[in-house]
Amino acid sequence: MNQNIPEKWKSLYDAVLEGNAAAATAAVDAAIEANESPQTLVDEYMIPAMDDVGEKFEQNEYFVPELLISARAMKAALTKIQPLLTASGSQPKGRVALGTVKGDLHDIGKNLVAAMLEGGGFEVIDLGVDVDPDKFIDTARASKVDIIAMSALLTTTMPSMKTTIEALKAAGVRDGLKIMIGGAPITQEFADEIGADAYGDNASTAVSIARSLVAS
Amino acid sequence: MESILETHRTLGITRTMGVRREEYVDFMTFQENRRPLFTEIFGPLLGLREEWARQGATPREQDFSAFRFRGPLFGGIPVNTAWIGGVPETILESTPDYTIARDRMGRTMKLSRKASTLPIPIDHPVRDWDDWLRIKEHYAFCEERFGQEWEAKARAMRDEGRVIVANIPGGFDEPRQLMGEEQLCLSFHTQPDLIHDMLDTIGGTAEQVLERVTRTIAIDQLNIHEDMAGKGGPLIGPRHVRAFILPYYTRIRNLLDSRGTRLFFQDSDGDMSPLIPAFLEGGLNIMGPMEPVGGNDIVTLRRQYGTRLAFTGGIDKHVLRRDQAAITAELEYRIPPMVRTGGAVLGIDHRIPNGTPLENYRFYINKAWEIMDRESATRP
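Line by line, the protein sequences are chains A and B.
Residues in the first sequence are numbered consecutively from 16, following the numbering used here.
Residues in the second sequence are numbered consecutively from 64, following the numbering used here.
By construction, these hints were calculated from the structure, which means they are not laboratory data.
Predicted model, so just to flag it, every value in this text is computed and none were measured.
Errors might be hidden in some of the hints.
Claimed, not checked - For each label pair, taking beta carbons as the anchor points, the in silico distance ranges come out as:
id : chain 1 : residue 1 : chain 2 : residue 2 : range
1  : A       : D216      : B       : D191      : 32 to 38 Å
2  : A       : G187      : B       : T121      : 47 to 53 Å
3  : B       : E212      : A       : E204      : 49 to 55 Å
4  : A       : E76       : B       : E344      : 34 to 40 Å
By construction, the Cβ of each residue, glycine as well, lies at the ideal position given by its N, Cα and C atoms.
Can you build the whole structure from these sequences, using the hints too?
Written as structure tokens, this is what we have:
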């Protein structure tokens, strides 16, 4: 848990941690009114709050309901702040295109990862479910993404991850990308086997993995 | 294709009765431990039969009657405690890759035909109170909930020695079917009264149906399908279980306890360990299919919960694709403690994965029995 949250706008941190969207937007309004830097609000209050949500999630103190309401509060606050960030030329921590692989229609895991990545300061391009390898390739080319993130819930759709990585290689876009994968049947061993750069065990660890991939 | 569930049905396997209901109930309540129970819970995954055919499987191996299992047969009482009525299922579109249908709840369902046997809802009928009130009548008590000659059929199944089971909707699963996972999870916080009303309605109807059933038919086992966890843990926490789901479970359990039901079984994938204490409070005493890759180790859980909790499944399905040494190691770890203590219908945790060589499966069955027979012979 973050012990060093500045008192000034701690109400924003608390609102995101507690999943109170109304309080989060009210805190943002007050901060902006007081000419606080939007980037400071994101970096010093909102992202630390979502990091702590992730930590509580990993420790079985928070579960999906708490994670979702915190992500919703984060999103509500970001909606207010985003235009100011854009105007100031602020950049996201990284750009991630994610989707559930071809043949697989499950989306809860992918959606939780998307919510946590957004909460971690990443720009997320959600490609949805049953994503064809070509769609990952097109997005990688068109949107200059840093990371491709793939999810699979079914044992039978795990091979689609390998197919997608091979397609990215064949299209000549693999080298400029990091690839992370996750999902119920996925293991580190499988990630190594198919040439993914990283494997994430849950939505919370996906954020720290994405940060280390971007940093590398 | 007549139904979007057709593929799922074609994967059925042939089972025979290995134990009668009396032995099963005593075994799963740790009252008596004659010999181990061992079964194939689900059967093959899509495409495995074709793989095995190419490897020379006999017809009896294809329908699994060639393999030695020992387990009960179940007899579901033909009554309905869940959604009733609605629109007839309609296939909207079917291609080699997928089938899209409208189900009886009015949901658009999509089946990825090459990857799965079960369709996924693309939309859901309930987002808020107004939606719920519009469809609530489908959970009301009515005479149509009792199938034709339900009592005679139940008696016949009981006389055959089948374990008599009744089903109620999951306290998480049924609202999920109506709302979707994310909307439900949010609603625990944003619309708690709505969830309470759903479970109060469903519970009331289930209670009325089962009250009538148990006037004349003893239910051996209550089944509750939840599927509420992944390998990272359950979707909801003990707080949600205690606040929303246990009142519903307890209501049914109190009725059935008073009518002699001894087994309360919950079906859920994934790592349920954070929720086990809460569900034990609610009266569950069997959980399955205990998925090792989901973090459910029956050996550890048996040490932790002893005779308070029986299991089904528990053997890692993925080991079947590895070598014989790995299969042996898995079975030598999981089986002996269960043979010593009873209260487990052993088997792999889900469908047999594609890529499982037929030879490995034959080895798995033989090795499992070798260990079970050895442990049974040396058991005090």
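Next item on the list: Check the following: the C-beta atoms of D216 (chain A) and D191 (chain B) are separated by a distance inside 32 to 38 Å.
Entry: holds (34 Å)
Note to self: Within 34 to 40 Å: is that where the Cβ-Cβ distance between E76 (chain A) and E344 (chain B) falls?
What the structure shows: violated (20 Å)
Using the Cβ atoms, figure out if E212 (chain B) sits within 49 to 55 Å of E204 (chain A). Cβ of E212 (chain B) to Cβ of E204 (chain A): about 53 Å, so the range 49 to 55 Å holds.
**Asked** When you take the CB atoms of G187 (chain A) and T121 (chain B), is the distance between them in 47 to 53 Å?
**Response** Hint holds: Cβ distance 49 Å, inside 47 to 53 Å.
Checked against the numbered hints given earlier, this structure breaks only hint 4.
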